[in-house]
Amino acid sequence: MATVVAVIASTHHPFYYRASTSTGPDRPPFADEWVRKITAFRETLTRARPDVLVMVGSDHFHQLWLDNMPQFLVGKAPFYDANWYNEEREFGLPRMKLRGQEDLSAHVLRAGLDAGFDLAFSNELRIDHSITCPIITLRPDADLPVVPVYTNIFAPPLPQPKRFVQLGQAIRQIVESWPSDLRVAIVGTGHLSLELGGPRQFGPHGPDPEFDRRAVEWIANGDLDGCLAEVTLDSLHAPGNATHGFMDFMLMMGVAGAGAKADYVDSLDLFHTMEAYFTWYPNGVPEVGA
Amino acid sequence: MSRYLVDKFLYTVDRDPELVERYREDPRGTVAWWESERANDLLNCHSGEASTWLRFADDERDALSTHDYVRLFELGAHPFLTLTLFIAMFERDYEEPLGFQKQYAERLSGFTLPYPDIAT
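Here the protein sequences come in this chain order: A and B.
When you number the first sequence by this note's numbering, it's gap-free, plus one each residue, and the end is 290.
When you number the second sequence by this note's numbering, it's gap-free, plus one each residue, and the end is 1120.
Derived by calculation from the structure, the hints in this document are not laboratory data.
All C-beta atoms in this analysis are idealised placements derived from N, C-alpha and C, irrespective of residue type, glycine included.
Some hints could be false.
To be verified - Selected chain B positions facing chain A (in silico; Cβ < 8 Å):
1) R1015
2) L1019
3) L1083
4) A1119
Unchecked claim - Partner residues aside, some chain A positions facing chain B, computed with beta carbon under 7 Å:
5) F61
6) N68
7) N86
8) E88
9) G92
10) P156
11) Q201
12) F202
13) N241
So here's chain A without its partners, still in its complex pose:
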């Protein structure tokens, strides 16, 4: 069976690409520290030596629209074109193309449906920055095949937080039951407190540093009970109007498992939102250079 060699949860900040590649007066003062942190975070994936990436993210009204909105969707295609005109326009993101891993996509869909998750699927999916940002930060060569999993954290009515956790738990089991000898990393991105298009947007920090502090603690300690006891669809409005993206972190806590302490934890307090990076190694921390 396949092995889950790393579970990674991260914020996805679309400004990283531009900040990290800009030079001279265009380079923001926080860029060097950000690049250092990302480079260290990248190493946590590299040393796990993955063959395949399951990538959990959320479409930002690009291909998925209100006339036909899935709650959870799995891509099954040989290739995924990536990034969109408005992401190029606003964030300077490059157009990309990722290879798919259709056998694993098919397995996730079949086993997910059989486990009670009525997953939607797409055979022609152009993915956006929720998945390409972690490719840029964690695997910039974009050389591994992927299975994209999209969640709806964006267009209410949304699934309950516990459903994200349950899907994460199911994805872990499903990947581990894939008849393959490949090494799989499961990577998902979301947000801590975040406000977009509201009065608390683009402040000097994230809109709710106290929520961010507690969220990092929940994730780092695998404290699913504590997190689920406090986080509801209603409560997530308080830290910022885009904070429902935190449910993708909850999904990744489900993947990592209840009580699983992260092997790597880092964060970076930026204007606008806090960055946070977590890695779990289900089979122990791999040796460097192994």
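Use these hints to put chain B onto chain A, whose structure you have.
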């Protein structure tokens, strides 16, 4: 109320570079043209099929026609769609980095929780 249609306007304009410019330069004319010619397009579907019933409420049409993003927030337009499109149209007019985004936040500062419902 046709919150969905307001979101559909923001979404379809935002993804078309020519429409972004046209809406910036002529908001009233673009909204009128879009409501008459595009509002009923079925998006992710075969071309040639259309709906028959979609139109703006007067306050929605007025808010879009005057670039009034504060009013759009109040009406429950999806804040991500409004922000993204308005950044595309107006960020260029500000010298300071994030100048437009900060002014946008300031103009919305009268809103407190709970914010207007955005469900469609």
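Comparing the hints with the structure gives:
no.: 1; hint: R1015; in the structure: 6 Å, holds
no.: 2; hint: L1019; in the structure: 12 Å, violated
no.: 3; hint: L1083; in the structure: 4 Å, holds
no.: 4; hint: A1119; in the structure: 4 Å, holds
no.: 5; hint: F61; in the structure: 6 Å, holds
no.: 6; hint: N68; in the structure: 6 Å, holds
no.: 7; hint: N86; in the structure: 6 Å, holds
no.: 8; hint: E88; in the structure: 10 Å, violated
no.: 9; hint: G92; in the structure: 13 Å, violated
no.: 10; hint: P156; in the structure: 4 Å, holds
no.: 11; hint: Q201; in the structure: 5 Å, holds
no.: 12; hint: F202; in the structure: 4 Å, holds
no.: 13; hint: N241; in the structure: 6 Å, holds
Comparing the model with each earlier hint shows violations of hints 2, 8 and 9; every other hint is respected.
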